[in-house]
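Asks: Spelled out, the chains give:
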Amino acid sequence: MTNNLYIKLGAIAAVTALAVLAFTPLSEKVSLGLDLKGGVHLVLGVQTDDALRLESETTSEQLKQAAADQGITITTAPALTEFSVTGVPSDRDQQFRALADSATSLSYDRTSGGNGSYTFTMRPNVVVQTRSEAVTQAIQTIERRVNELGVAEPNIAEYGNSGDQIMVQLPGLQDVARAKQIIRSTAILEWKLVEAGPLSDRAALLQPHGGTVPAEMEVVPGVDDSGVPAFYLLRRIAAVTGRDLRNARPTVDEYNTPAVSFTLNSEGVSKFSRATAASVGRQMAIVLDGRVQSAPVIESAITTAEARITGRFTQQEVRDLSLVLRSGALPASLTYLEEREVGPSLGADSIRAGVTSSIAGLAMVTMFMLLYYRLAGLNAFVSIVLNLVILLGFMAYLGAVMTLPGIAGFVLTIAMGVDSNVLIFERIREELTGSRSAKQAVTAAFNRVLITIIDTHVCSLIAAAFLFQFGTGPIRGFATTLFFGLVTNVFTAVFVSRTIFELILSRRPVGSARLSI
Amino acid sequence: MRIFDNPNFDFIRWRWHALALSVLIILAGLATVVARGGLPLGVDFTGGTVVVLQFNQPVNEDAVRNALGSRAADAVVQRFGAVEQNQMMIRLPLGAGEASLDAVSTAVEQSLRAGGVGEFTVINRDVVSATIGSDLRGKAIWATITAIGGILAYIAFRFRFSFAIGAVAATFHDILVTLVFLTWFGYDLSLNVVAAILTIAGYSVNDTVVVFDRVRETQRLARKEGLESVVNRAVNQTLSRTVITAGTTLLAVIALFLFGGDVLRGFAFTMIVGIIAGTYSTVFIASAVAILLSGRSAVAPAAQVDGRRRAKA
Chain R
1 MTNNLYIKLG AIAAVTALAV LAFTPLSEKV SLGLDLKGGV HLVLGVQTDD
51 ALRLESETTS EQLKQAAADQ GITITTAPAL TEFSVTGVPS DRDQQFRALA
101 DSATSLSYDR TSGGNGSYTF TMRPNVVVQT RSEAVTQAIQ TIERRVNELG
151 VAEPNIAEYG NSGDQIMVQL PGLQDVARAK QIIRSTAILE WKLVEAGPLS
201 DRAALLQPHG GTVPAEMEVV PGVDDSGVPA FYLLRRIAAV TGRDLRNARP
251 TVDEYNTPAV SFTLNSEGVS KFSRATAASV GRQMAIVLDG RVQSAPVIES
301 AITTAEARIT GRFTQQEVRD LSLVLRSGAL PASLTYLEER EVGPSLGADS
351 IRAGVTSSIA GLAMVTMFML LYYRLAGLNA FVSIVLNLVI LLGFMAYLGA
401 VMTLPGIAGF VLTIAMGVDS NVLIFERIRE ELTGSRSAKQ AVTAAFNRVL
451 ITIIDTHVCS LIAAAFLFQF GTGPIRGFAT TLFFGLVTNV FTAVFVSRTI
501 FELILSRRPV GSARLSI
Chain D
1 MRIFDNPNFD FIRWRWHALA LSVLIILAGL ATVVARGGLP LGVDFTGGTV
51 VVLQFNQPVN EDAVRNALGS RAADAVVQRF GAVEQNQMMI RLPLGAGEAS
101 LDAVSTAVEQ SLRAGGVGEF TVINRDVVSA TIGSDLRGKA IWATITAIGG
151 ILAYIAFRFR FSFAIGAVAA TFHDILVTLV FLTWFGYDLS LNVVAAILTI
201 AGYSVNDTVV VFDRVRETQR LARKEGLESV VNRAVNQTLS RTVITAGTTL
251 LAVIALFLFG GDVLRGFAFT MIVGIIAGTY STVFIASAVA ILLSGRSAVA
301 PAAQVDGRRR AKA
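Protein chains in written order, with the numbering used here: chain R, 1 to 517; chain D, 1 to 313.
Some hints could be false.
One-sided excerpt, in silico: chain R residues whose CB lies under 8 Å from chain D [said to hold, decoys possible]: (1) T24; (2) A360; (3) Q469.
Calculated directly from the structure, the hints in this document are not laboratory data.
By construction, the Cβ of each residue, glycine as well, lies at the ideal position given by its N, Cα and C atoms.
Please construct the entire structure, taking both the sequences and the accompanying hints into account.
Replies: As structure tokens, then:
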């Protein structure tokens, strides 16, 4: 053997050792996809319009408040990305404009409709930013909730190209229905003063106001003290909201029924005491996601940070409600767009099926190669097995996730490995008929076939790359194995296979034409 | 051992027959597709619900169908896996005006529990909304087109443009034939099947490139020979490689078909059809189109020089 050959064998041994090192122990280094270990994959759509509406509502409300502070009474009508202002007195117009400039000019463009009316339109960049912030906030909120659920290795990320979708992957989850409920509950908690109600008849509630909802108020559904569905007429602006919450945890009330106890932060306490001091003897409604949970009477001004929400909750509901309140409200409502749930038993079946088909494929292919190419078939076997080993090492090193289509990618890698070997072996046979020595034939064949192998592999790599780009979840696993399978195949089919031939030939007399192929 | 000893078949002579056969299959498939009102798209692309249930006792399709009640009309009920596994797959289209995405699957579970078909657990549930379905549809079409475009560009760069067209024609042929057979054998187009189709695209071109590469090499050695005879010789010279590779790849994919379980069956079936179609198109379609586009019996000296320069580079 020449020194050159030793170096090559050493390189192969080193690469193999590195690969084996990368994927051992297998159970720790190669992570399985949801389709193999079981779990749930969800795609949620964020209704980013909600965030826009909230933004224009808040800004118009702030402007109205600021104008009121200056003694200017205006009427505002917020829409999705704009709001209109009417009723600016002509003698205060100058002052209002100055006020509006300082309050809104960063985010809104103002156009005058004449006669004391204005339209404020949200700037396009602000619209985009508000939408993307809503998605980011939703992701953070979902992360907090999922962490509280105690799911190991969750994966939560923005999804797709539309910019308003979120993917949530929860491996090994058992109670999917509960998790889904917790993830999407908006958890908007508000305390609002009750103006009238509860009444079971909506029309009767509005009777004193001439059948229409007054501008400052809103009608909210809920239940009355005895649990019968009823309507409340509430003050529109919340006295305190869930943003002022510091903590929430399950507890029981004086009747020993489940309740949620919460702690307010200092700002919440001061807001709460201001609102309650002014309204002793009236009812304060606790509104969760647009439904009145309860409406206790304010006995005295509340100045402590501790409070409690009671309602008709089960223990489970109380636990879940505390969880979502702790994790904060979602900036916009969410809808489920895709749900894929794989039970652990099906995942285990799939692993078994994948491994069986890989071994069966390898066995059948090897048998054929040994029959057809005799000893050279063994060479093919060695290079294919090495290919699989290095590929697995690559996957582990890159932290790629193994999916069922990914296993199919392994089976295809076997096929591609054989393809390159067949290409080479057929060429060697052809070169051997040209009455050359075995060594010359092997060298000529490898040199010539290398170009073909590169051309064919580049074509398949292009297909794999686009597949990866398009791919979701499992398909991505397939594209990844296919891609790196192709890369490692060039190494094993060309370099490893050639070295083995050289090793065999180095034990033969120079010029021998004998080669078992 | 050898399959072919110095094969010398006149493939080019048979190219019109081969083209006619392919066109016939594709047209017949097209007729089937039109007759059934479109390609058999799975829930991945149309939106809808698929649940796989694991029953605790033996169960048959009719019992499940009966228990579904009014929903049975739209439902596809199929056994999943082996008979002794007692698994059933139920597929339903998107519910119109349902309150939430999982309403259909919840309703199915409820009516089955009420229907007395026995205890079961849900082992797999896929619910896809119309939004995601059309997203994935768009992505699949886009991925296929861009992948083929990329391959075309590469072959045009490495060989010449008429060869690229030939390879792409062969690839489209393989994709179409595969779609036809999927329709005939009642497989739905799912994400996995699209992955298989893209793999077939890569494989088919792979196969074709081996022949083209040989054409380029032979052209350089035999400058006076007409393109038709060079191509024919190249196809013959690479014939044993083409057949053996197809055979071994088929072995691997058949293993996947037999042992890969129901989840991968559509994928494996697509690969099997695609490999057979790909091998056929490599021998008959790709070169025929390349010759047609190069002009009859053109020696195309420019391409020879071009080929040699590229080969050295």
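Asks: Could you run down the list of hints and mark each one as holding or not?
Replies: Evaluated hints:
Because the smallest distance between the Cβ of T24 (chain R) and any Cβ of chain D comes to about 26 Å, over 8 Å, the interface hint for this residue is violated. Taking 8 Å as the C-beta contact cut-off toward chain D, the hint placing A360 (chain R) at the interface holds, the least distance being around 4 Å. Annotation: Q469 (chain R) was flagged as interfacial toward chain D, and the flag holds, the nearest CB pair being 7 Å apart, inside 8 Å.
Comparing the model with each numbered hint stated earlier shows that hint 1 is the single one that does not hold.
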